[in-house]
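J.: Okay, here's what each chain looks like letter by letter:
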Amino acid sequence: MEFIKPNVNINFVGSRGKAFILSGLLILMTVVTLFAHGGPNYGIDFAGGILVQVRFSEPTDASAIKKALAPLGMDQSLVQGFGDKKNNEFLIRNERAGLKLQGLSDRVRQTLAESYGKGKVEVRRVEMVGPKVGQDLREKALLAIFYAIVMIAVYISGRFEQKWGLAAVMAGVLVGATLLVQALIAAMGGEEGMAMVLLILTALVVTVGACWLLKLRYALGAIVALIHDVVITVGVFSLLDKEFTLATVAALLTIIGYSLNDTIIVYDRIRENLKTAGKQPLGQTINESINQTLSRTILTSGTTLLVLLCLFVLGGGVIEDFALALLVGVVVGTYSSIFVASPVLLLLPEGKPMSMRSSAPAKAAVARPEPVEAVAAPAQVSPGKAAGAARQKKAKKKSGKKGKRH
Amino acid sequence: MPKNFFLKSTLVAVVVILALLYLVPTIGGGKLPAWWTNTLPSDKIRLGLDLQGGMHLILEVETQKAVSASVERTSQELQRKMREENIRAISPQTGADNTISLVLLHNSDRAKLEDLVKREYPDFSVASSRTLEDGKIKVVLQLTAKAAKHIADQASTQALETIRNRVDQFGVSEPEIMPQSEGRILIQLPGVKDPQRAVALIGKTAQLEFKLVDDSVNAATATKATLPPGDEILTMYRRDHASGRVDKEPIVVHRRVAMTGATITDARVQMDSQYNQPYVSVAFDSAGARQFADITTRNVKKRLAIILDGKVQSAPVIQEPITGGEARISGDFTMEEARDLAVVLRSGALPAPVKILEERTVGPSLGQDSIDQGILSMVVGLLLVVGFILLYYRLAGAFADLALLLNLVLITGALAAFQATLTLPGIAGIILTIGMAVDANVLIFERVREEVRMGKTPFAAVEAGYGKATLTILDANITTLIAALVLFQFGTGPIRGFAVTLSIGIASSLFTAITFTRLLFDLYLHQFRPRKLLI
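Line by line, the protein sequences give chains E and R.
According to my numbering, the stretch in the first sequence is residues 1 to 406, in order.
According to my numbering, the stretch in the second sequence is residues 1001 to 1535, in order.
For reference, chain E alone in the conformation it holds in the complex (with noise of 0.2 Å):
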């Protein structure tokens, strides 16, 4: 059986401008949700407060619920049916700070079955989080994910380009500018939730930059799609109003694996053929090594999407908005893996980075006709042959030193 006739050729290349259009759209979409939001809508893990899942054993409604939560002062509660309907099954959620956690779950536990009668009432599952450990919680969440980044940059620029060296002043040059940020936050004062993202804000700006200077073109490319992924899940997330909870940052950085796992598939494929591209433009190479992988990527996006919707429709509600990010991310994922990682290739203009020329000679006479087409290279839509030449010089070049993959 075959979905993807061998000799298919799709110029996805050619379409990058529509995906990025595309992808501008749905960035602007997480933007706008999260504004309209006022920022992520935290879970308790996060925001701290209580949330209480109860069974009872007769139909009731969350109105009434409320009523009878009334005396804990936890009539603002956000009660919400939960699961199959035929359960009577509720989560009881409070996010207010104000409120008194020590001992609060069993006031809860004795507050309904008051009301509801003894043996009424079954409490399933009680999470409480003080609002210090909310925000300790909330730091390592965005520390992992922070980390998470650095490492992968830094391992995708050692094994793709073999430029060891530049991923250590990469990794050091993130290192370096993250201490700064955090000791000028600290120095300014700064609420210490908004220093966290302006850290992960930076480290995202500096790593991309530092890819970007240094020309570790496939670096830059995992990054940028793997960014785009994870702000993409958040706004799906985000625009349905989901909560975001220890689970779903788990997921995220899942995501960011999985991700990474289809680009690099893709990335594998374009450096083999570039050894064997002669005179092809680059851009050519990348639409080819897309297609011959086409296949394995939509099987594997297509089982891993059949397991998570089984996992999503059949795996209980604790679990169904984990299953839903890895879903999202997954699609995602695969999206980008071909309109967005390859293409962000083209858009790093040919040639050694800066510092690297006076070092070696031999190369810089090789990289010197470049700059000329390297200004068009990222102008054009599909790709041309007179940006191509330079660049497959460069590719034969490359592949002549480095290609002892097999």
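Keep in mind that the hints were calculated from the coordinates and are not lab data.
Please read these numbers as outputs of a predicted model, since none were measured by experiment.
Positions of the beta carbon are idealized from the N, C-alpha and C atoms, including for glycine.
Be aware that a few hints might be false.
What the hints assert, rightly or not - Residues on chain E that point at chain R, a partial pick, calculated with CB under 10 Å:
id	residue
1	Gly24
2	Thr254
3	Asp262
4	Asp268
To be verified - Derived coverage of chain R by chain E (criterion: at least 3 residues anywhere in the stretch with Cβ under 8 Å from a Cβ of chain E; other residues may be distant):
id	region
5	1187–1199
6	1349–1362
7	1439–1452
With the hints as your guide, set chain R onto chain E.
T.: Just chain R, lined up with the frame of chain E:
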């Protein structure tokens, strides 16, 4: 035979047998024969709290209170010492920042006080001393930062020990109690049926004090204003067992603590035959016994209030001197309350109160539902993927499917072997692995198809397919592994469980997809020497 065939098949066989051995205890339940448990692995897969139900707590030891209490004790002691050394001063007051301030009546006492502090209280330093307008001298002593930190650290360690003692006696199998940073304590109690009782037991400070009752004052009408100096009003709680109603009754006691529970060596629940009610009898060590005998001898016919965490439990009249070194605490307890009180008294008081920062409880029924739903989605997902791959790649698909099944056995076997904890996100991780595990085989098979189209023989095509795809597979999986490791480093509880299963899943899917399916191919190609590959 193909190259390294025996080596590879032995390796696969060993891995499979090991995984199965580790899985048997989980599948076989608790009914393994003795010869098995004696020699072979007997640990089941550990289930996280979210799957088996239970409780997760993060407590904060309010260490500052332990420091303040220590300053308070010193201040009282200092007053006594000053009297002994004829230093005349207005009684010392404790203040903020761990300070004790006192006013000396005579300037000549200043040197004597400084000398006393240097000699007896090296943890304190004289922060300031100045002469007031009336010629008296105000001296402020401060606990050094180092000493304060020492006391705080001590309190954390001691609290951890005490809580561990209490949990051990609470009867939870495999509790986990770990210190965290900043005086926090993480407690995991799997399978706890009565979370509120657990919290009460763990969180009770259990500060036991004996104070003499001042019966010269009418407690019912006493107010703070009319109270004689050195007295305080406390509340005694009495419960009517028939109705369950709790009555509060004020009681006036001497503020001075006659004795604390620090010398308790044992506490047991006993039944009062007369009222058919449980009480707790406590035994003191020899010093405590002497002290208790002394108090009871000097105060016969007076009432002695027994106070736990500021609440009066009972205030019996001392009928005769008690010299046996045992006291009895009665207070309308239920059997369970009495047992828990005995536990907290035996394990000692917490050096400082604790605050619950985080509490997560999952009922056992929810945990079971999660397992059922998780396994259902896993089985359905697995069947769909297996069917699809078989359809798509035919014989090669069957190889991949076998690899997938083996993968599941390896993951679960590894979970049991490493005693990693399986959580709900962990099950999700396994499910995700099922989806992604075929990726490696898909990569290989697509390559093999390409090579076949280029006209290579089955043997060469397989060889080239595996050769070209392997590095790609490694690259792709290492990045996922990086994400998983970061998750492990920063995640807690269930998230860690997810990271662990994801990592194990990656490792095992690499093994099954690359080594195991290759072995199957080698065997097939060697045995049947097909002209055309079914892929």
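J.: Hint by hint, note whether the structure agrees.
T.: Cross-check of the supplied hints:
1. Gly24: violated (26 Å)
2. Thr254: Hint on Thr254 (chain E): holds, closest Cβ of chain R at ~7 Å, below 10 Å.
3. Asp262: holds (8 Å)
4. Asp268: holds (4 Å)
5. 1187–1199: Result for this restraint: holds, n = 3.
6. 1349–1362: holds (count 8)
7. 1439–1452: holds (count 6)
When held up to the earlier numbered hints, the structure conflicts with hint 1 and nothing else.
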